[in-house]
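A.B. asks: So you can see what is in the structure, the chains are spelled out below.
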Amino acid sequence: MNASVIVFPGSNCDRDVARALEAASGRPPRMVWHGETELPPSDLIVLPGGFSYGDYLRAGAMAAHSPIMRAVVERARDGVPVLGICNGFQILTETGLLPGALMRNASLKFICKDVYLRVESTETLYTRPYRAGQVVRFPVAHHDGNYFADPATLRMLEGEGRVIFRYCDADGNVTAAANPNGSQDNIAGICSADGRVLGLMPHPERLADPVLGGTDGFPMFRALAETLTGRAGADHAIHV
Amino acid sequence: MTATTSQEITPDLIAEHGLKPDEAERMVEILGRQPTPTELGIFSVMWSEHCSYKSSRVWLKTLPTEGPQVIQGPGENAGVVDIGDGDAVVFKMESHNHPSFIEPYQGAATGVGGIMRDVFTMGARPVANLNALRFGAPEHPKTRHLLSGVVEGIGGYGNCTGVPTVGGEVNFDARYNNNILVNAMCVGTARADKIFYSAARGAGHSVVYVGSKTGRDGIHGATMASAEFDDDSAEKRPTVQVGDPFTEKLLIEACLELMEGDAIIAIQDMGAAGLTSSSVEMADKGGVGIRLDLDRVPQRESGMNAYEMMLSESQERMLMVLRPGADDKAEAIFRKWGLDFAVIGETTESGRIEIWHKGAQEADIPVRALSAGAPEYQRPWTAREAPAVVRAADVPAPDSLLGALKALMAGPHLCSRRWVWEQYDHMVMTNTVQRPGGDAAVIRVGDWSSRKAVALACDVTPRYCAADPETGGAQAVAETWRNLTAVGAQPLAITNCLNFGNPERPEIMGEIARCVTGMGRAAKALSFPVVSGNVSLYNETNGVAIPPTPAIGGVGLLPDLERMATIALKPDDEVLILLGE
Amino acid sequence: MAMTARIWVTLKSGVLDPQGKAIAGALDSLGFSGVEDVRQGKYLEVKLDAPDEAQARQDVERMCEELLANTVIETYRFELEQA
Amino acid sequence: MAMTARIWVTLKSGVLDPQGKAIAGALDSLGFSGVEDVRQGKYLEVKLDAPDEAQARQDVERMCEELLANTVIETYRFELEQA
Ligand SMILES: Nc1ncnc2c1ncn2[C@@H]1O[C@H](COP(=O)(O)OP(=O)(O)O)[C@@H](O)[C@H]1O
Numbered sequence: 021m022n023a024s025v026i027v028f029p030g031s032n033c034d035r036d037v038a039r040a041l042e043a044a045s046g047r048p049p050r051m052v053w054h055g056e057t058e059l060p061p062s063d064l065i066v067l068p069g070g071f072s073y074g075d076y077l078r079a080g081a082m083a084a085h086s087p088i089m090r091a092v093v094e095r096a097r098d099g100v101p102v103l104g105i106c107n108g109f110q111i112l113t114e115t116g117l118l119p120g121a122l123m124r125n126a127s128l129k130f131i132c133k134d135v136y137l138r139v140e141s142t143e144t145l146y147t148r149p150y151r152a153g154q155v156v157r158f159p160v161a162h163h164d165g166n167y168f169a170d171p172a173t174l175r176m177l178e179g180e181g182r183v184i185f186r187y188c189d190a191d192g193n194v195t196a197a198a199n200p201n202g203s204q205d206n207i208a209g210i211c212s213a214d215g216r217v218l219g220l221m222p223h224p225e226r227l228a229d230p231v232l233g234g235t236d237g238f239p240m241f242r243a244l245a246e247t248l249t250g251r252a253g254a255d256h257a258i259h260v
Numbered sequence: 119m120t121a122t123t124s125q126e127i128t129p130d131l132i133a134e135h136g137l138k139p140d141e142a143e144r145m146v147e148i149l150g151r152q153p154t155p156t157e158l159g160i161f162s163v164m165w166s167e168h169c170s171y172k173s174s175r176v177w178l179k180t181l182p183t184e185g186p187q188v189i190q191g192p193g194e195n196a197g198v199v200d201i202g203d204g205d206a207v208v209f210k211m212e213s214h215n216h217p218s219f220i221e222p223y224q225g226a227a228t229g230v231g232g233i234m235r236d237v238f239t240m241g242a243r244p245v246a247n248l249n250a251l252r253f254g255a256p257e258h259p260k261t262r263h264l265l266s267g268v269v270e271g272i273g274g275y276g277n278c279t280g281v282p283t284v285g286g287e288v289n290f291d292a293r294y295n296n297n298i299l300v301n302a303m304c305v306g307t308a309r310a311d312k313i314f315y316s317a318a319r320g321a322g323h324s325v326v327y328v329g330s331k332t333g334r335d336g337i338h339g340a341t342m343a344s345a346e347f348d349d350d351s352a353e354k355r356p357t358v359q360v361g362d363p364f365t366e367k368l369l370i371e372a373c374l375e376l377m378e379g380d381a382i383i384a385i386q387d388m389g390a391a392g393l394t395s396s397s398v399e400m401a402d403k404g405g406v407g408i409r410l411d412l413d414r415v416p417q418r419e420s421g422m423n424a425y426e427m428m429l430s431e432s433q434e435r436m437l438m439v440l441r442p443g444a445d446d447k448a449e450a451i452f453r454k455w456g457l458d459f460a461v462i463g464e465t466t467e468s469g470r471i472e473i474w475h476k477g478a479q480e481a482d483i484p485v486r487a488l489s490a491g492a493p494e495y496q497r498p499w500t501a502r503e504a505p506a507v508v509r510a511a512d513v514p515a516p517d518s519l520l521g522a523l524k525a526l527m528a529g530p531h532l533c534s535r536r537w538v539w540e541q542y543d544h545m546v547m548t549n550t551v552q553r554p555g556g557d558a559a560v561i562r563v564g565d566w567s568s569r570k571a572v573a574l575a576c577d578v579t580p581r582y583c584a585a586d587p588e589t590g591g592a593q594a595v596a597e598t599w600r601n602l603t604a605v606g607a608q609p610l611a612i613t614n615c616l617n618f619g620n621p622e623r624p625e626i627m628g629e630i631a632r633c634v635t636g637m638g639r640a641a642k643a644l645s646f647p648v649v650s651g652n653v654s655l656y657n658e659t660n661g662v663a664i665p666p667t668p669a670i671g672g673v674g675l676l677p678d679l680e681r682m683a684t685i686a687l688k689p690d691d692e693v694l695i696l697l698g699e
Numbered sequence: 575m576a577m578t579a580r581i582w583v584t585l586k587s588g589v590l591d592p593q594g595k596a597i598a599g600a601l602d603s604l605g606f607s608g609v610e611d612v613r614q615g616k617y618l619e620v621k622l623d624a625p626d627e628a629q630a631r632q633d634v635e636r637m638c639e640e641l642l643a644n645t646v647i648e649t650y651r652f653e654l655e656q657a
Numbered sequence: 575m576a577m578t579a580r581i582w583v584t585l586k587s588g589v590l591d592p593q594g595k596a597i598a599g600a601l602d603s604l605g606f607s608g609v610e611d612v613r614q615g616k617y618l619e620v621k622l623d624a625p626d627e628a629q630a631r632q633d634v635e636r637m638c639e640e641l642l643a644n645t646v647i648e649t650y651r652f653e654l655e656q657a
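Chains as they are written, first to last, in our numbering: chain Y, 21 to 260; chain R, 119 to 699; chain A, 575 to 657; chain Z, 575 to 657.
There's no promise every hint is true.
[Stated by the list, open to error] Partner residues are not named here, just some residues of chain A that face chain Z (Cβ under 7 Å, in silico):
| no. | residue |
| --- | --- |
| 1 | 614 |
| 2 | 620 |
| 3 | 637 |
Calculated from the structure, these hints are not laboratory results.
Owing to the predicted nature of the structure, the values given are computational and were not obtained by experimental measurement.
Glycine is no exception: its CB is placed at the ideal position from the N, C-alpha and C atoms.
Sequences are here, hints too, so could you generate the full structure?
C.D. replies: Next comes the structure, spelled out in structure tokens:
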């Protein structure tokens, strides 16, 4: 798999997701600086977590205007999968690749802990290896993860099955108590109409290695590696 | 000499700068004339308790600082310890007490920023932060505000820079009501053969300023940190520094990128006394002089004079001495990361610090006078009378043991600290093998295939130190040791932050002397040397001093994660064993 | 021409304002009983140099649309003043 | 009496504004070359009920001092309006 991880000034989960991608595919992703205007051939583009531009003004706002984002938007329109984790999700909403916005957590506090998520749809590249309704444990670590969209957009997302992850309790019940940030309808992750752009606040890469206490995130990377092997074509070195 | 900053040097002005009359005499003697205002400012910060350790130095010298594992002990920006396979850990703890009381969010945030710079200055990537916090009584009207501000500030800074905050401690005691303690520790990892030091060896090399621009931030913070509080210092307070963690993150990446090559001769962060302490320390350690041209300093505000620039505490700045011919390459890296870069002077053979601004010489001082020549006091001390021993038999038994246990667990001293550490990103970097909540945090060193880790803990029980400083000091070291061994680590070395009241009072000096003695005794007995640390004195308000609080931060090595232990009880039918007396 | 733009970015009505809500709660517990609602927005001052006012106005409008406000949830308004 | 207080909370001059600095940089890279400085502050609208304007003024002043502004680094000003 040729994956590209975009590095913005202030990204800080770029190395983490690169390790998960390498562990799953046997091959390190390219790290692409935000100031570039061209993307290398990529079967997957990842916008990592962190604090691009310090989260100043609004999380993701300034990164959405980085030179590389024009190329990312173009590739996304061509169907190249784009995964935005945490700050990456915020950037995806700011560029308009995903609808809605991520607002300050209802508690107003930064929150870092493991949460349970219900996999709402397995019809995406990312969630194929999970069972529909499966409960997975991923960590969250964010200050602005409170998903908002207007009622029409929410109806559309629900109607088209584009809500991919929802915060829930250990038994899969979607409750207010299980919602760490006040997100509408406990939304933790959504995808684009073609299912190829996924944004989620929780960090699958943080529980993708048994040493760290869990591996629920690993199947996502593994599935991407298996599905996307060699599709970019231009560069066929070492596939595992 | 002519100086653009002109102000008459009166005894009042000298006193305001925290210099005692005999210290002022010594300054005039060294210069052979009256100082300029800029020189007075420089002497004042360099001879402050904070920079010179004038009250504590004689005692610090008694601490054990050596061992086969020690690569660099006290005397550099941070301590460096060998962890095998060519790897090293670099760590230090530092206080940001007074600023955090004045503005809890920014005070704590900039404390984290400062300690991280001490670590990455040495070529290490920061991999974990810890913090030891003391607040006043839980019911004191300021406590809630201070606690939430400090925690948010530590999180705000650490989270943004992408360094996990993995441990620490929180205590409450009415004697901290007006003097909270915020001690931040940072741990980094580096290759043992790629450690960077602050000695600016060789004359004629460029002195380079990088990072953020200089403003009038916190001018006189360094001397302020050494002066006792009184009721109106909240009013007289100078501008506090505001942290910019985003810039810090860029600075980490830019410095580490430059450090991959061999461009740097010496590097030093601009800590509490900014341009003054960084240039003096680099010159002093390298046995050279430094000439700075302040017109070239990147400035955020207009009309700053030499005094202000030399004393500014603007954050996220570093000073470097570069090898000949390396300027362009270095500049390209810092520009790429969007940071200021300016050659602001050069090293000289004069052994003097010479400051020029707008064509006038503002300061000309022999470097040694500011460092080795700083005052050192053998302050008188007395041992406080030990409190009466409370015999267990004299304490009425609780009605119900279970009730007592519940009360303890729910009380502010022992209740869960989850509320604190859930506001810290403690997992970023995907190396946090043991998260907060156990005896020590465990951080993997290396990539995902690595099985090597370090264990980190920080401890002190001020109430023990108040009851018996020597035993309390020893106990703090021993407790840190136990917490590291409890996760299966081999303890390696410690850092510390000595927080006390006014050392000019013999009973406080007695606490310092005896705590340090106890720490040294335990450290020697356990081969657990002290490799770095920091001293914060004058933590008292209206004559009420904090309890003696020598915070200890320890680092241990787990060569193989298979051997790691955790606090959780495992299956139902296991046997519990109590060890020790 | 040196100008200052004063820009207000506020949440659209209908968008829940967690910060405003928290502040209202805090004011209430501080004993300010008359507080009925709090909305928090951003206020920016941008100093800029433009050939003339019309150009400045157009620039500031674009700054708001492209960066300063997220029009999914926010609205903005601004005033221009010669500095 | 129902009133609205419009409150501006801004950093004192001389205090570093990291957000403003980053926004200025972003505007510059978006091609707005004339931007010289950006300062970011907060704007709040507080709806409150008070017996009269004098009381409202006094209340809002106290709200600012006690909660809305961090007077170590920020200043505030406000306007009152009958709602
Ligand atoms: N309590 C202490 N124990 C051991 N070493 C100490 C102690 N306090 C300070 N030091 C050492 O003295 C040196 C100067 O400390 P400091 O001035 O705080 O450093 P910086 O200039 O980086 O702020 C450092 O190397 C530090 O490790």
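A.B. asks: Would you mind marking each hint as holding or not holding in the structure?
C.D. replies: Hints, one by one, checked against the model:
no., hint, verdict
1, 614, "holds (5 Å)"
2, 620, "holds (5 Å)"
3, 637, "holds (6 Å)"
Comparing the model with each earlier hint shows no violations; every hint is respected.
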